[in-house]
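Undergrad: Here is what each chain is made of, one letter per residue.
Number of protein chains: 2
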Amino acid sequence: MPSVPEMRATVDKYLALVATGTAEEITALYADGATLEDPVGAEPLVGKEAILAFYKVIEPIKRSTELISFKAGGDTAVFQFKIVTAFDALTVEISPVDIMIFDEAGAVTSMRAVWSQDEMIMS
Amino acid sequence: MPSVPEMRATVDKYLALVATGTAEEITALYADGATLEDPVGAEPLVGKEAILAFYKVIEPIKRSTELISFKAGGDTAVFQFKIVTAFDALTVEISPVDIMIFDEAGAVTSMRAVWSQDEMIMS
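Protein chains in written order, with this note's numbering: chain E, 2 to 124; chain G, 2 to 124.
The shape of chain E in the complex, shown without the other chains (with noise of 0.2 Å):
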C-alpha cells in the first residue's frame, strides 16, 4: 500500500498537471482499468482510453488549482481543492473533494470526484 507521504506526492503532481499538463501526463498517473467518476453519480468512465479522452477536453482551456484540504490512510486520499478555468472573459470556479484509490504501486485505480453544477461560482 503506498504510504500517506507517496499519495500526497500523487495528489500534489495531480493538481499540477491539471493546472499546467498534458492529458497524457494525467492519464500516466492513472492503472490500467482504473475507472474516473467525475462529478459523482455520472457513469464512470473505465480504462486509460476514457480518461485520456476526458482529461483532454480540459487541455486548451486555462486553468488554475489549489489544494484546500488533504487527508489520506489505508489505500484511500480524500482531498479538496478550487479549479479555476477561464473561457475568455468568464471564470468558472468549482471546490471539489476528490476520492482517489491507489494500486500497490502508488497507481490511481479509482477517481470520485465529488462536486455538484449549481456550486459553480462564475465571474
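Hint data in this document are derived by calculation from the structure and do not stem from the laboratory.
A quick note: this is a predicted structure, and the numbers were derived from the prediction, not measured.
Any given hint might turn out to be false.
Using 25 Å as the maximum straight-line C-alpha spacing, the simulated SDA-like pairs for lysine to any residue come out as follows [said to hold, decoys possible]:
hint	chain 1	residue 1	chain 2	residue 2
1	E	Lys83	G	Lys63
2	G	Lys63	G	Asp39
3	G	Lys57	G	Met2
4	G	Lys83	E	Ala43
5	E	Lys57	E	Asp39
6	E	Lys83	G	Lys14
7	G	Lys83	E	Val5
8	G	Lys14	G	Asp39
9	G	Lys83	E	Lys57
10	G	Lys14	G	Gly107
With chain E held as given, fit chain G onto it using these hints.
TA: Only chain G this time, still in chain E's reference frame:
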C-alpha cells in the same frame, strides 16, 4: 438516488447518534449487507451484525461529535468531523473524513473512515 439534503440529514443524524445514541440506533442507518472500514486499510466489516458490534464498543464511552465540513453529490457524501472521547482523565480527539455511499432508499451501504492513529490528540 437520495438528494444532497437527504444525505446531509442522515449525516447529521449519524453524528448525533454517534455522540449520544445506542449502537442499534446507529446501525439502523445502514443497509443490509453494508460494509464499514474504519480506519481505511483495516479489514472491512460486512453486514449489520458486524456493524452493530463495532458501535457497541463505543456505546459505553462518553463522547461528543462536531461536523467540520460536508460535501455530497450522486450517491456519495464526504464529511469531516471531530470526535472527542473521554476515558476518565484522558481525552482523545480525532478528526476523520468519512466517505458514505447511500442506496436508493437513503440507507448507508458503505462507510470508510479516513484517518490514522498518529493523528490522535490526547489531553
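Undergrad: Evaluate each hint against the coordinates.
TA: Quick rundown of the hints versus the structure:
Pair hint E/Lys83 plus G/Lys63 does not hold up; C-alpha atoms about 37 Å apart against a cutoff of 25 Å. Under the criterion of a C-alpha separation no larger than 25 Å, the hint pairing G/Lys63 with G/Asp39 is consistent with the structure, at around 19 Å. Simply put, G/Lys57 and G/Met2 have alpha-carbon atoms about 30 Å apart, too far for the 25 Å limit, and the pair is violated. The hinted pair formed by G/Lys83 and E/Ala43 fails the criterion: a straight-line CA distance of about 30 Å is larger than 25 Å.
For the hint pairing E/Lys57 with E/Asp39, the CA-to-CA distance comes to about 14 Å; that is within 25 Å, so the pair holds. Proposed proximity of E/Lys83 and G/Lys14 is contradicted: the alpha carbons are some 29 Å apart, above 25 Å. Note on G/Lys83 and E/Val5: the hinted pairing holds, with a Cα-Cα distance of about 20 Å set against a maximum of 25 Å. Between G/Lys14 and G/Asp39 the alpha-carbon distance is near 19 Å, which keeps this suggested pair within the 25 Å criterion.
With a CA separation close to 39 Å, the supplied pair G/Lys83 and E/Lys57 exceeds the 25 Å bound. A distance of roughly 13 Å separates the Cα atoms of G/Lys14 and G/Gly107; the hinted pair therefore holds under the 25 Å criterion.
In the structure shown, a violation is registered for the earlier hints numbered 1, 3, 4, 6, 9, in ascending order.
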